[in-house]
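Spelled out, the chains give:
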Amino acid sequence: MNRYARKLAVVLSLALIVGVGCGKDNKNKSASKTNAPTKADIKVGAIFDLSGATADVGTPFSEGIRDYVEYKNSQGGVEGHKVALTFQDYGYKVPQAEQLYSQYVSQGAKVFMGWGTGDTEALRPKVNADMIPFMSASYAETLADPKVTPFNFFPGASYSQQMRIALQWISDQNKGKHIEVAVFHHDSAFGTSPLDDGKKYIADHKLNIGFKDYAMTAGATDFIAQIGQAKTQQAKYIIVQNVASPAAKLATNLASEKSTAQLMCLNWCADELFVKLAGPAAEKMIGVMPFAPPVEGTQGLDEINNFLKAKNTTAKDKGLHYVQGWYTMATMTQGIDNAIKANGDNPTGEQIKAGLEKISDFKTGVSDPISFSADYHAGLTSAPLYQVTGGAFKKISDPIKVTK
Amino acid sequence: MATATGVYHTTYGRDFALRHTRAEYARLALLGAFAVVLPFTLDKYWLSYVNLILLAAVAAVGLMILTGYTGLISLATAGFLGVGAYTTANITTRLHWPMPVGVLCGTVLAAAIGAVFGLPALRVKGLYLAISTFAAQAILNNRFRDWPWLVQGHFSIGAKTPAIGHHVMRSDFEWYWLLLVITGFVVWGGVNLFRTGFGRALIAIRDQDIAAEVIGVEVGRYKVMAFSIACGLAGFAGALQAHYRNVVTWERYDFDTSFLFVAMIIVGGLGSVSGAVYGAAFMTWVPAYITRVGQGIQQGSSGTPFIIRELPAIQLGLFGVVIVAFLLFEPRGLARLWQRAKDYFRIWPFRY
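Protein sequence lines, in the order shown, are assigned to chains F and P. Here the working numbering is used: the first residue of the first sequence is 1, the next is one more, and so on. Here the working numbering is used: the first residue of the second sequence is 1, the next is one more, and so on.
Keep in mind that the hints are not guaranteed to be accurate.
Said to hold, decoys possible - Derived DMTMM-like pairs: lysine to aspartate or glutamate, alpha-carbon spacing no greater than 25 Å straight-line: (1) P:K160 - F:D145; (2) F:K199 - F:D187; (3) F:K258 - F:E283; (4) F:K316 - F:D398; (5) P:K160 - F:D130; (6) F:K401 - F:D130; (7) F:K276 - P:E310; (8) F:K249 - F:E180; (9) F:K199 - P:E174; (10) P:K44 - F:D130; (11) F:K126 - P:E174; (12) P:K44 - F:E350.
Unchecked claim - Just the calculated beta-carbon pair ranges, DEER-fashion: (13) F:K276 - P:A138: 30 to 40 Å; (14) P:V108 - F:G344: 30 to 40 Å; (15) P:A163 - F:T221: 44 to 54 Å; (16) F:G344 - P:G165: 44 to 54 Å; (17) F:A129 - P:V108: 26 to 36 Å; (18) P:W147 - F:G76: 50 to 60 Å; (19) F:A129 - P:P100: 12 to 22 Å; (20) P:G296 - F:G219: 23 to 33 Å.
Keep in mind that the hints were calculated from the coordinates and are not lab data. Ideal Cβ positions, reconstructed from N, Cα and C, are used throughout, including at glycine.
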């Protein structure tokens, strides 16, 4: 045993030495990068969910961001500055997100690409203190008010806004008849984000809608119990605020339970992945989709398709969330570009924030033009509706605009 | 404890001293010098991990007192970290009281709640007690999640970075000194606790509780007090961590974290306060190092989705292998390993 222990000690101390050595190497590498003869890199920190509860949509989204950075750098970067993206999977865990955010900011990240609602909301005080422009994939309305979160931005229509659109559409379809609506949501800050605003919208606009919410527990094998409750509620519509995989499971369960309720998905579950996973059960699902699927003939995808040609694939194959990630990064880059044009080579967080607020009518291939302003940090306010027919998304309504 | 020959204690003071030989004092001085030089040599990333190690060490020493010295197992350390964190976050953000008051309240509340959850220890031991602390963990974590007033209606609450006058203590470098002093005090207190009557009573309970009762130790009271101390220290660490990381979320206080602390004291070596510190360092550093290597692989690769997808699993697996290796080769932990290393050099070139 003594000999084993000694050997173990030797191995451990060697590992320690090697570890310290590696750490040094990394530092030197990044230092030499910043000293390169071209203009200084713009460091961008990012967290992606590649292994957690939302990894199904997080993975294509992350590829979109990474590919946009690669594309942008191949085009000469932002005003001659290379975009240096550092990222890490955080498994949809708030403590991990906080750790990585602190790490990247201390390593000099100028801006940050976030992901979920829980972590983005948790990071708000730090983001405000550090003055780091923060673009999230969470579209929670709590992040759109610059009076509270001056440095948070997101390019889509807020979850609350999507919920209002869905409720208004339901009310219009039924011409004021009383309708019961069941809302199935992810059991997290992401899932519960639009619930209160939805209830408030019904009350404020005197819609004749009954509204009940049901949590979809993470990792559940089925949602039969919740479907039973929704049946008791006599819900005619089921609105889902979740990601594609659990939503597809719900759709299959609904089919097997012979439910006649109309399924509606907000943006993170209305996608090709849902259609693929749910199969025939996906038919007739209606999606509130601020970002539409990049089907054949969609305008404005040339940039992406040209880039992907070298990789033998297309935007259509990569899917909606890939394109969404691409344009999320493009929006952030546009903000940095504006800031550099206005303030020179080394813009501060506040200047990039101003640069983002300057963005108006930023065209993407798959959504209405994105605009920010100094008093609203959500890029869109409207969203069209699509319906799955024959395994493909068909537009059934032009972008619907609602007011709070 | 190195026992060199020719060391005679001529006064009671010398007899009581923790260190008897010059070599031991020299080592202590080296350690002190190392602690002073360390923050100047590390980059921010690793320094933040050193701070996390110091924080974990505080809670691990608490758990060591409870599990390693009193023989009562607790699977609720994370819950009590949370009690401290949520208490101080609420006190400092809502009442705007200063951080030391918040941290103190967090510590006291965690100790009080810990005493309550320690009550089952009066009746049950071993695995049964483990399950009842498991329940405490479940209850606490569930409350962190589902009491909206605790987090002002959101899913998390912020805890302010402390400020001295107008200077905001944000950097890892400043925190290092604060945490070094605090952890130093906790370790010093922990080591000395077991040289007092109280500490010896705890050890007596661990070794044989009926015998302890026979010689006049109030077993029930001491058990509850041990719980109270352990949970209080966990609350203290949690409260400090809240102000250090600024974000208080229930996800930080789940079962995994509780198990991690149990693993810390086992890997460190049960029944040794310094083992708790080694364990905290090991269990914090190894995953961080594996993650760092993983990050390197991820950044370097542009089109290997498999590696990227499987990396978290590989990291966990490696971590597990390291722990298993430890339990195989040195079940008595890092503290024992260090002891062996010292003995080896002391008696070199002889084998024993």
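We went through each hint and held it up to the structure:
Between the alpha carbons of K160 (chain P) and D145 (chain F) the distance comes to roughly 21 Å, so the proposed pair stays at or under 25 Å and holds. Restraint check: the Cα-Cα separation between K199 (chain F) and D187 (chain F) comes to about 18 Å, which is no more than 25 Å; the hinted pair holds. A distance of roughly 14 Å separates the Cα atoms of K258 (chain F) and E283 (chain F); the hinted pair therefore holds under the 25 Å criterion. Restraint check: the Cα-Cα separation between K316 (chain F) and D398 (chain F) comes to about 21 Å, which is no more than 25 Å; the hinted pair holds.
The hinted pair formed by K160 (chain P) and D130 (chain F) meets the criterion: a straight-line CA distance of about 13 Å does not exceed 25 Å. Proximity of K401 (chain F) to D130 (chain F) is assessed by CA-CA distance (about 35 Å); at most 25 Å being required, the pair is judged violated. With a C-alpha separation of about 23 Å, the suggested pairing of K276 (chain F) with E310 (chain P) holds against the 25 Å cut-off. As the CA atoms of K249 (chain F) and E180 (chain F) are separated by approximately 22 Å, the hinted pair is consistent with the 25 Å bound.
At roughly 47 Å between alpha-carbon atoms, K199 (chain F) and E174 (chain P) are farther apart than 25 Å, so this suggested pair is violated. A hinted pair counts as satisfied when its Cα atoms are at most 25 Å apart, and K44 (chain P) with D130 (chain F) qualifies at roughly 16 Å. At most 25 Å may separate the alpha-carbon atoms for a hinted pair to count; K126 (chain F) and E174 (chain P) meet this at roughly 17 Å. With a C-alpha separation of about 24 Å, the suggested pair K44 (chain P) and E350 (chain F) falls inside the 25 Å cut-off, and the hint holds.
The supplied range of 30 to 40 Å is met by K276 (chain F) and A138 (chain P), whose beta-carbon atoms lie about 37 Å from each other. About 53 Å separates the C-beta atoms of V108 (chain P) and G344 (chain F), a value inconsistent with the hinted range of 30 to 40 Å. Distance hint for A163 (chain P) and T221 (chain F): a CB-CB separation of about 50 Å, consistent with the stated range 44 to 54 Å. Taken as a hint, the range 44 to 54 Å is violated for the pair G344 (chain F) and G165 (chain P), whose Cβ atoms sit roughly 34 Å apart.
Distance hint for A129 (chain F) and V108 (chain P): a CB-CB separation of about 29 Å, consistent with the stated range 26 to 36 Å. Taken as a hint, the range 50 to 60 Å holds for the pair W147 (chain P) and G76 (chain F), whose Cβ atoms sit roughly 53 Å apart. Checking the proposed 12 to 22 Å range against A129 (chain F) and P100 (chain P) shows it holds: the Cβ atoms sit about 21 Å from each other. Checked against the hint of 23 to 33 Å, the C-beta distance between G296 (chain P) and G219 (chain F) comes to roughly 31 Å, which is consistent with it.
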